[in-house]
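Novice: As a plain string of letters, each chain reads:
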Amino acid sequence: MDGISLLTITVLAVFVGFEVVSKVSSTLHTPLMSGANAIHGIILVGAIIVAGQATHPWVLAVALLAVVLATANLVGGFVVTDRMLEMFRGRTGKEGKPAPPGQDRAPTDASAREGGGSSR
Amino acid sequence: MTLLDPTVTALLYLAAAVFFILALKGLNSPRTARRGNLIGAFGALVAVVTVFFSVRLDNIPWIVGAIAVGSGVAAPVARRVKMTQMPQLVALFNGVGGGAAALVALLELPHADDGWLRLAVVFTLLVGAVSFAGSAITFAKLQELMTTRPVVFPGLPAVMGAVLLAAVGAAVAVILGGSLAFALVLLLLGLLAGVLLVLPVGGADVPIVISLLNAFTGLAVAASGLVLGNVLLVVAGTLVGASGTILTRAMAAAMGRSVTGILFGAFKGNSTAGSTAVSDRPVRSSSAEDVAVLLGYAQRVIIVPGYGLAVAQGQHTAAELAQALEARGIRVDFAIHPVAGRMPGHMNVLLAEANVPYESLKEMGEINSEFRTADVALVVGANDVVNPAAKTSAGSPIYGMPILEVADARQVVFLKRSMRPGFAGIENDLMYEPQTTLLFGDAKDSLTKVLGAVKAL
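Taken in order, these protein sequences are the chains called H and C. Quick note: the first sequence, position 55, residue 818 per our numbering, numbers continuous. Quick note: the second sequence, position 45, residue 121 per our numbering, numbers continuous.
Chain C on its own, in the form it takes in the complex (with noise of 0.2 Å):
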């Protein structure tokens, strides 16, 4: 078989790059964003395609199998995996290409010849390796399969450095040497550094380490990119380092916190573990129908869904609710804080899943001056992230935390479970405000409750 010129094969791979950048890109809008996701995925085959027709390959057949198992697996899990279970699929994709890329970085090992593409290859191993580790443990926290509370156990700091200066040992064996065995001990180092860093980290804190994961495998397929000599892996996995640098900052933003403190807060003993205090302070609580009432008369409800609407999975009944109102010439909006849901915009999927208008999905900067126009402001399984603590008490653990301006409105109604108070473990003043209203119970049986309490008015 001839093989393609290699300034074909540049050519190829540049324009591979260009389809990722407009993929990106894409995503300035949702209206070009589903085109951009396919013009990523076609450059992805021609990268494919590409470099079957420009390098000498042995086993063929073999290499075209794992494909096919490999498309086989994933495509028929992306197909049915359920929008809430998102987080958990992220997860998992993550860990295991961080797995291909520190497979990869070993098996060129032998190949590096000089220090530069050993401390790639290095590089590329550590990293990969605790991003599949970590997004392992990540995984099982997720969907449940172990606990989603920090794990923390005595000397927890003192294992952790013991294992980065062993890591830092073992690479600077294979930098100088190159030795397969040292490179085998760092592997097995980066999965036990990805294991502890991922443990100690709280269920609410997780969607964070997602996207910090996520920022670690792409800068893993970029060194790989170094070490195979590979301008496409290098562009592709820098834009990948990118794009999970910048949503982890913005997370931690939107969460009042920075990313060290969620990585380490455990290691001092501040995490956010939640608390279970509860206050004896009268609060008003009411019936579903007479929320239902004070909604039906409204002339503007913003709904604000939170964690706990995602989790009681009653985002159908919420926008069948808000269909119920607007049937009633009431002007309906979600307010959408950027923490809701379990990872960065997840309730804008969960909401876009349950068929609600893209219109009326507003970011928090967009709707918070709008609260003061609103009758209702309906808070659904939300808690920190409208707690006016984090704007009036210096000393709340959420102080500084960007939250949706819910006060403003005219009447607000939380539907809670409990007294219980978020994973911030704070309480919220708002609750005992005379304009707040509270409906306990299940946020999908309350909303259940109240959409047919609308429908009789």
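Just chain H, with the same shape it has in the complex (with noise of 0.2 Å):
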């Protein structure tokens, strides 16, 4: 892709950020913080492309170290806010097991809920 196509790209992603992460109540500011360090793991996809092109041991070895970092930030960052969003929800479970939900208390709580995440 050329260098232009890419300037414009990462101007728009800006606004798309800004846009986006300015109406996040601040009640959920730690997992938006988590969150987005989740999503930069994602350099693992780079990760895995150097290291897929290694030839020389050395650079293998560097580039395999840098897919072990991506994928902790990765996979140990969207465990972990799912984890701390699951208790948003108002369970009781802490170990972030898959438990369904409380069918009973649910929907008003959701309503409830919507009403002050988004007033700011």
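It is possible that some hints are incorrect.
Said to hold, decoys possible - In the DSBU-like style, the derived pairs of lysine-lysine whose C-alpha atoms are separated by at most 30 Å in a straight line are:
hint: 1; chain 1: H; residue 1: Lys786; chain 2: C; residue 2: Lys525
hint: 2; chain 1: C; residue 1: Lys158; chain 2: C; residue 2: Lys531
hint: 3; chain 1: H; residue 1: Lys786; chain 2: C; residue 2: Lys158
hint: 4; chain 1: C; residue 1: Lys467; chain 2: C; residue 2: Lys438
hint: 5; chain 1: C; residue 1: Lys101; chain 2: C; residue 2: Lys438
hint: 6; chain 1: C; residue 1: Lys531; chain 2: C; residue 2: Lys438
hint: 7; chain 1: C; residue 1: Lys467; chain 2: C; residue 2: Lys525
hint: 8; chain 1: C; residue 1: Lys158; chain 2: C; residue 2: Lys101
hint: 9; chain 1: C; residue 1: Lys158; chain 2: C; residue 2: Lys467
hint: 10; chain 1: H; residue 1: Lys786; chain 2: C; residue 2: Lys438
hint: 11; chain 1: H; residue 1: Lys786; chain 2: C; residue 2: Lys101
hint: 12; chain 1: C; residue 1: Lys158; chain 2: C; residue 2: Lys525
Unchecked claim - Reference listing, derived: stretches of chain C covered by chain H, where coverage requires no fewer than 3 residues with Cβ under 8 Å from a Cβ of chain H:
hint: 13; region: 307-317
hint: 14; region: 420-432
Hints are computed from structural coordinates only; laboratory data are not their basis. All residues carry an ideal CB built from backbone N, CA and C; glycine is no exception.
Put the two chains together into one complex; each comes in its own frame, and the hints tell you how they fit.
Specialist: Structure follows, in structure tokens:
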């Protein structure tokens, strides 16, 4: 892809980023940070490409280190964000196990929560 | 193995980028947040699978093994970490991401055959290395592996200046000649700069540094996307850069300080080291039983949880107290200052973990007008965020910081460890007001005693 197209995409992404993130309720700022953290773990894609094209053992070793680090970032980030957001649904499960939501209280909670979350 | 058509690859990456945007958009509301995060994770999966089928890759068994190692280490940690340790974990994951970006850029240098590409390589190397080393120091401070106080030594600004100057020199050498040796030097200088950047930052300001480093890693990933010509990395990195920037600014505004003031404050000698000055004006201190009576016969109570509550790990007890009061027909809300806890929004997570219903967690803007209808404002382990000096005394270091208006409540109860001022190192006149009662002790112990007394009413 040529430089100008990449630059165009970058600039547009800046605006999308500011637009989307500035609407996040301050109540969810910690999950936002860890979620954004998980997203930059996508550097894994770059690490895989570099590792897959490595011919020298040293290059491969460094690239594999990058793969390990990026995977830790990506997987850990999404897992821990999920755990946090699960708690915001008001259930008692603490270990991130996907238990079925409590149908009796979920709808009322959800509407009340939306009221609280969007007021900023 | 036949590879995917480049158009199909581009479309799959586009889909992954859209999933990431939806993941962030989901955080608009707690109702959609968890689904959004899962969409984001799915996007990451799509992208990682796509890369295996779009580029001719050697060493696949090694790569798959490395992915297994990374997941095997990170997933259990992410599942088991305590919510109070969330800032450390975020710092850790942030650092490894920045490190990975720097390594990718280093290895791509030999393939970067024009000056612009090498500029992107240099940027990724430097910012990724700063992020890695800075996050490592942040982690050490939060985990209390090292002192949480600002670390300063004479000549620190000069050393930092010299490091940055040397980095610029090395960067120019890499851009012009593509020298791998200078790239390694740049990597080391970046690591050094990251350490020097975070060392002088005091414990209370560390959360802001985390979000700043988060933005840094995002920018490093975006730049690595330019190096590899990969649109997904560019978009994802830019999104993170934007979110980190917004959070950093929001945090700094909530503390009434500027980002540069936090980063370079210690250089100038006005860091948030805190003070131990104690005034000898009289205060009204009281017993847990008296506080319980005050709470138990109120109609409306607003609890203001602060850093001290998180440190004492008293959030579960605070939640139980709220439940006990609600059982008596009292309306209880939690008023949450944006900087309560150890990272932005941390207190909300801690209270959500303690099963406080989401609708009881009120943001500052929402609750401030309601203090005047409250019978009791119960301030647990917070000080600066309720200090009226932020509004009234123009000379105060926290002047201009938005505060929770607890002074409007009919009665104010402080649960405090001692009369020591908060991080800003200034006195809180509210504590000497006639409507204020103090209960001294560890936040969790005090809450436990008050809870027992409320149940006995």
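Novice: None of the hints should be skipped; say for each whether it holds.
Specialist: So, going through the hints one by one against the coordinates:
A hinted pair counts as satisfied when its Cα atoms are at most 30 Å apart, and H/Lys786 with C/Lys525 does not qualify at roughly 40 Å. Of the pairs offered as hints, the one joining C/Lys158 and C/Lys531 holds, with about 29 Å between alpha carbons and a cut-off of 30 Å not exceeded. Between H/Lys786 and C/Lys158 the alpha-carbon distance is near 28 Å, which keeps this suggested pair within the 30 Å criterion. The straight-line distance between the Cα atoms of C/Lys467 and C/Lys438 is roughly 21 Å, inside the 30 Å bound, and the hint therefore holds.
Taken as a hint, the C/Lys101 and C/Lys438 pair is honoured in the structure, with Cα atoms around 21 Å apart against an allowance of 30 Å. Distance restraint check for C/Lys531 and C/Lys438: the Cα-Cα separation of roughly 25 Å lies within the 30 Å cut-off, and the hinted pair is therefore satisfied. Using a Cα cut-off of 30 Å, the hinted pair C/Lys467 and C/Lys525 is violated, with the two alpha carbons roughly 33 Å apart. Distance hint between C/Lys158 and C/Lys101 is fulfilled; the C-alpha atoms sit about 26 Å from each other, no more than 30 Å.
At roughly 36 Å between alpha-carbon atoms, C/Lys158 and C/Lys467 are farther apart than 30 Å, so this suggested pair is violated. Taking the CA atoms of H/Lys786 and C/Lys438, the gap is near 17 Å; set against the 30 Å cutoff, the hint holds. Taking the CA atoms of H/Lys786 and C/Lys101, the gap is near 8 Å; set against the 30 Å cutoff, the hint holds. For the suggested pair C/Lys158 and C/Lys525, the alpha carbons sit about 25 Å apart, so the restraint of at most 30 Å is met.
Only residues whose C-beta sits within less than 8 Å of a C-beta in chain H count toward coverage, and the region 307-317 of chain C has 11 of them, enough to reach three; the restraint holds. Proximity of the region 420-432 of chain C to chain H, defined as three or more residues with a beta carbon under 8 Å from a beta carbon of that chain, is established by the 8 residues found.
Of the numbered hints stated above, those contradicted by the structure are hints 1, 7, 9, listed in ascending order.
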